[in-house]
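**Q** Listed below, chain by chain, are the residues.
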Amino acid sequence: NAGVTQTPKFQVLKTGQSMTLQCAQDMNHEYMSWYRQDPGMGLRLIHYSVGAGITDQGEVPNGYNVSRSTTEDFPLRLLSAAPSQTSVYFCASHQDYGNTIYFGEGSWLTVV
Amino acid sequence: AQSVTQLDSQVPVFEEAPVELRCNYSSSVSVYLFWYVQYPNQGLQLLLKYLSGSTLVESINGFEAEFNKSQTSFHLRKPSVHISDTAEYFCAVSRANFGNEKLTFGTGTRLTIIP
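Going line by line, the protein sequences match chains X and P. When the letters of the first sequence are read in order and numbered with the working numbering, they come out as residues 13 to 124. When the letters of the second sequence are read in order and numbered with the working numbering, they come out as residues 421 to 535.
Pulled out of the complex, with its shape left as it was, chain X reads as follows (with noise of 0.2 Å):
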């Protein structure tokens, strides 16, 4: 049981590239979200999406875009790094009102 999972584990990239974290889960949830870790910060959510077709912003939206054309997945794009995206990301997933969210394990992205 895969839950959800998270490509890639580290990344590094340089200011102005795009690059696009993928997050997939295998447990027929309908909503999927994104959020960002930073020191002193907590969790923030990024983007959010109810089902497949619909996505929506969260607190902190802006150099993210997201799509969700399946239900299994849940990509987050960077369109052109900065050194202040650099995070922790998190993809999750849940079914309902009051469920568990699921989390990925994480991606470690540095923009240097």
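Quick caveat, the hints were computed from the structure, so don't treat them as lab data. Computed from a prediction, not measured in an experiment: that's the story for all the values here. Be aware that one or more of the hints could be misleading.
As the list claims (entries may be wrong) - SDA-like cross-link-like pairs, simulated, lysine to any residue; straight-line CA separation at most 25 Å:
no., chain 1, residue 1, chain 2, residue 2
1, P, Lys522, P, Gly473
2, P, Lys522, P, Ser429
3, P, Lys522, X, Glu42
4, P, Lys522, X, Arg56
5, P, Lys498, X, Thr112
6, X, Lys21, P, Gln462
7, P, Lys522, X, Ser79
Keeping the supplied structure of chain X fixed, place chain P upon it in accordance with the hints.
**A** Frame of chain X; chain P shown alone:
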């Protein structure tokens, strides 16, 4: 909008001593409350949650938290900690009955167990 305050960024505790990690929230509507734990270099895992009913909720590894509506708190407690409890703990809140796609997290409390 909801907000969460975790008053302590770091809590050192001797092994087998009791611990309390504090969490206060702010919301104008009913809420769901959660505690998540993050072990080093791992993702977050749900520790326990309050949705409705009994205000005291327990986890399988001995932690408990009590929802106190009048004090808007959801403190996490354990009567006797172990080395394996070393981790970062996050309190989180969402609006009740709106789903938790907009979970709001506190800034975390790093629990360090001293042998």
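**Q** So, for every hint listed, does it hold in this structure?
**A** Structure-based check of all given hints:
Our distance criterion of 25 Å between C-alpha atoms is met by lysine 522 of chain P and glycine 473 of chain P, whose separation comes to about 22 Å. Our distance criterion of 25 Å between C-alpha atoms is met by lysine 522 of chain P and serine 429 of chain P, whose separation comes to about 23 Å. A C-alpha spacing of about 14 Å is found between lysine 522 of chain P and glutamate 42 of chain X, which places the hinted pair at or below 25 Å, so the restraint holds. With a C-alpha separation of about 10 Å, the suggested pair lysine 522 of chain P and arginine 56 of chain X falls inside the 25 Å cut-off, and the hint holds.
At roughly 21 Å between alpha-carbon atoms, lysine 498 of chain P and threonine 112 of chain X fall within 25 Å of each other, so this suggested pair holds. Taking the CA atoms of lysine 21 of chain X and glutamine 462 of chain P, the gap is near 11 Å; set against the 25 Å cutoff, the hint holds. Proposed proximity of lysine 522 of chain P and serine 79 of chain X is supported: the alpha carbons are some 18 Å apart, at most 25 Å.
Hint check: no violations occur; every hint is consistent with the structure.
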